[in-house]
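Engineer: Below, each chain spelled out in residue letters.
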Amino acid sequence: MSASFTKSTARNIFYGGSVFFFLIFLGLTVDTTMAVPSHNAKAQLTDAAVRGKKIWETRNCAGCHTLIGEGAFFAPELGNVYVRRGPEFIKGWMKAMPTNVPGRRQMPQFNLNDAQLDDLVAFLKYSSQINTNNWPPNIEG
Amino acid sequence: MSNATVAALPASKATVNDQIKYRSQAVAKPYFVAAIGLFIGQILFGLIIGLQYFKGDFLFPAIPFGTARMVHTNLLIVWLLFGFMGAGYFLIPEECERELYSPKLAIITFWVFLVAGALTIVGYLGLPYNVLAHLTGNDLLPTMGRGYLEQPLITKVGIVLVALSFLFNLSMTLLSGRKTSISIVMMLGLWGLAIFFLFSFVNPNNLVLDKYFWWWVVHLWVEGVWELIMGAMLAFVLVKVTGVDREIIEKWLYLIIAMTLITGIIGTGHHYFWIGTPGYWQLLGSVFSALEPVPFFMMTVFAFNMVKRRRREHPNQAATLWALGTGVMSFLGAGVWGFLGTLSVVNYYTHGTQLTAAHGHMAFYGAYAMVVLTMISYTMPLLRGREANSAAAQKLEKTAFWVMTLAIVGITLSLTAAAVTQVSLQRLSASPLPFMETQQHIMPMYWARFGFGLCFFTGLMMYVTSFFVTGKRES
Ligand code: HEM
Ligand code: HEM
Ligand SMILES: [Fe+2]
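Here the protein sequences line up with chains A and B, keeping their order.
For the first sequence, this note's numbering gives the first residue as 16, with consecutive numbering after it.
For the second sequence, this note's numbering gives the first residue as 3, with consecutive numbering after it.
Treat the hints as calculated values from the structure; they're not laboratory data.
Just so we're clear, the structure is a prediction, and the values are computed from it rather than from any experiment.
Take these hints with a grain of salt, some might be off.
As the list claims (entries may be wrong) - Among the chain B residues that face chain A by a calculated CB cut under 10 Å, a handful are:
| no. | residue |
| --- | --- |
| 1 | Pro66 |
| 2 | Val210 |
| 3 | Gln319 |
Unchecked claim - Beta-carbon label-pair distances, calculated as ranges:
| no. | chain 1 | residue 1 | chain 2 | residue 2 | range |
| --- | --- | --- | --- | --- | --- |
| 4 | B | Met445 | A | Phe35 | 46 to 54 Å |
| 5 | B | Lys181 | A | Arg100 | 55 to 63 Å |
| 6 | A | Pro52 | B | Thr401 | 51 to 59 Å |
| 7 | B | Trp404 | A | Asp62 | 54 to 62 Å |
| 8 | B | Val466 | A | Leu38 | 42 to 50 Å |
| 9 | B | Gly281 | A | Leu38 | 20 to 28 Å |
| 10 | A | Asn27 | B | Val114 | 33 to 41 Å |
| 11 | B | Phe469 | A | Arg119 | 37 to 45 Å |
Stated by the list, open to error - Within a straight-line C-alpha distance of at most 30 Å, the following computed BS3-like cross-link-like pairs (lysine-lysine) qualify:
| no. | chain 1 | residue 1 | chain 2 | residue 2 |
| --- | --- | --- | --- | --- |
| 12 | A | Lys22 | B | Lys397 |
| 13 | A | Lys22 | B | Lys310 |
| 14 | B | Lys23 | B | Lys397 |
Think of the CB as a built atom: it goes at the ideal place given N, C-alpha and C, for glycine as much as any other residue.
Same shape as in the complex, but just chain A:
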């Protein structure tokens, strides 16, 4: 680096650049926050779905699964499982765990009651209604 390019120039680029781009980011965040409801007009965040989200979180589902591609990569994508499998399959699946098939990856039994299962399904239904700009590429997630 040439001698005329001083440390204080570098420092000014740092402070100026950081503040400038952070302010733009804040602006984009405001815009995104306002655009989210209309962008996701089809997504029904019902009371049941809100309760279901709490179940999703307190059973650490994201410790094994992805939800719209985020979480862990040990077990299938669940953002679209409502579409792939449907509500009855999901409830039956939860009740049937663990499979205890030797060597196969195992999912715990969470002992959810019927009301909790309905809430969970409502949450997964809501997740599947989010406008993901057509992700995933196919139904398998």
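Keeping the supplied structure of chain A fixed, place chain B with the ligands upon it in accordance with the hints.
Structural biologist: Leaving out everything else, chain B with the ligands in the frame of chain A:
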């Protein structure tokens, strides 16, 4: 120093060590020891989940995958935090040319953090997660159950308090001391770390906004403020081991972190492609995040350049090796492997696949694990009363460097190969296979990953052993 201050320090070291300039720097030592201990724990749980990938019922139902994974990732974050804190307690007094404001507070903070961390891990392993959530106030303010932020509310509050105590201590030291660019950048990074952690308390019911702000912790940490901490730590060690003029090193530091934030803030958009956010993020996120490798590349050039222009031969060659390694591996892991999946047209197919895991491993190791190990390598001999370790100890440490680093390369390549199969069978194929069936085709790669994991563990054991090797001093 007051009597209380001296009493807070390990007695033997407080009297004999002439290698450290300020006695209170000794508080860094327990932080580094804890960091290494937790690192071992992290890797043991990594081996458990690595095994569960192909032997799915291993330890089930005692330790389900999700529980062990949470221990793996949380221990990673916590040991890195211990490492950053130890680095802060060592670096800030030295740069500020004065004793730490309160060594006693630093030691109290250490124990609070260690006990809180240990209790949290015990809670993860000993209680069903929903019971833990219920007992720890998650019903009051639900924050749990999201990647990296799985900690109970009380632990999160504890982390904030620990961070505040740490930052108060360092800021008071800085305020009445010499203010160098390195110390200011370090403090900016650490304050940023604490401030963005506050977003872990933000968990809207709306899943889109939940995900949006989750990345304000995760992305704005590793591709934002943590890079400031990393840059400052690397610059500090390079000043010491190369003797290059501080003005030059600090100019580089500012340029690197300028590029970090100029690219990395809007670069957050590479996580906003598919989560229910507007389409413009695909362009913004792709363009800005494609430039994020630049600061990591500069970091590499910087490290090599400074070592080439060195004005002294520092006897601690292991520390120099770690510093160079950090430059290279952070560029490969964050820069190259991050870039592989960052353009929206590619990410559409690779999002949430093993490519993400491959990148996560090499980036976290190459940037943050390695920079902490660089700092430990430079400071631990000093904290133990010698300028550098014996030739035999350094030789073992350098071997450990190579074993761990090559093992991470092996893990990354195995997972990348896994990702190629996964993407082609499950995402690109005209008749896509279901997830679980696809996994069956990848099993050999998971075996390979586990094998490299065992190599990593061996390297880590060599590293730990190097602390106990005595032998003739090199100089
Ligand atoms: C040292 C710095 C970095 C670290 C520690 C890091 C770590 C990670 C981790 C752990 C994840 C997975 C998060 C999750 O979903 O659980 C991730 C995702 C991602 N990272 Fe990085 N990263 C770093 C830098 C970068 C850079 C510089 C780029 C771009 C050039 C990048 C691009 C990405 C992308 C595109 C994803 C999302 C992958 C997906 O869609 O599944 N990262 N990173
Ligand atoms: C013995 C060595 C290791 C093994 C076998 C191992 C194994 C694993 C496994 C199986 C996962 C879960 C992947 C999933 O979600 O399905 C994981 C996640 C993770 N590990 Fe490791 N690991 C090892 C070492 C490390 C090291 C050295 C680091 C960093 C310094 C690290 C950082 C991470 C991170 C950041 C994640 C979360 C990744 C993400 O969300 O994308 N691991 N590891
Ligand atoms: Fe990112």
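Engineer: Hint by hint, say whether it matches the structure.
Structural biologist: Verification of the hints:
Taken as an interface hint, Pro66(B) checks out: its beta carbon lies about 5 Å from the nearest beta carbon of chain A, inside 10 Å. Hint status for Val210(B) relative to chain A: holds, with the closest Cβ pair at about 5 Å, below 10 Å. With a cut of 10 Å, the hint placing Gln319(B) at the interface with chain A is violated, because the nearest CB-to-CB distance is about 27 Å. The beta-carbon spacing between Met445(B) and Phe35(A), approximately 49 Å, falls within the hinted interval of 46 to 54 Å.
Distance hint check: the CB atoms of Lys181(B) and Arg100(A) are about 60 Å apart, consistent with the given range 55 to 63 Å. Roughly 57 Å separates the CB atoms of Pro52(A) and Thr401(B), a value that falls within the hinted 51 to 59 Å. For the hinted restraint 54 to 62 Å between Trp404(B) and Asp62(A), the CB-CB distance of approximately 57 Å keeps it satisfied. Evaluation of the 42 to 50 Å hint for Val466(B) and Leu38(A) yields a pass: the beta carbon distance comes to about 46 Å.
Look at Gly281(B) against Leu38(A): about 22 Å separates their beta carbons, and that is inside 20 to 28 Å. Range check, Asn27(A) to Val114(B): Cβ separation about 39 Å, and the 33 to 41 Å hint holds. In this structure, Phe469(B) and Arg119(A) meet the distance hint of 37 to 45 Å, their C-beta atoms being roughly 42 Å apart. With a CA separation close to 37 Å, the supplied pair Lys22(A) and Lys397(B) exceeds the 30 Å bound.
Taking the CA atoms of Lys22(A) and Lys310(B), the gap is about 21 Å. The hint holds against a cut of 30 Å. For the hint linking Lys23(B) to Lys397(B), the alpha-carbon distance of about 27 Å falls within 30 Å, and the restraint holds.
Hint check: violations occur at hints 3, 12; the rest are consistent with the structure.
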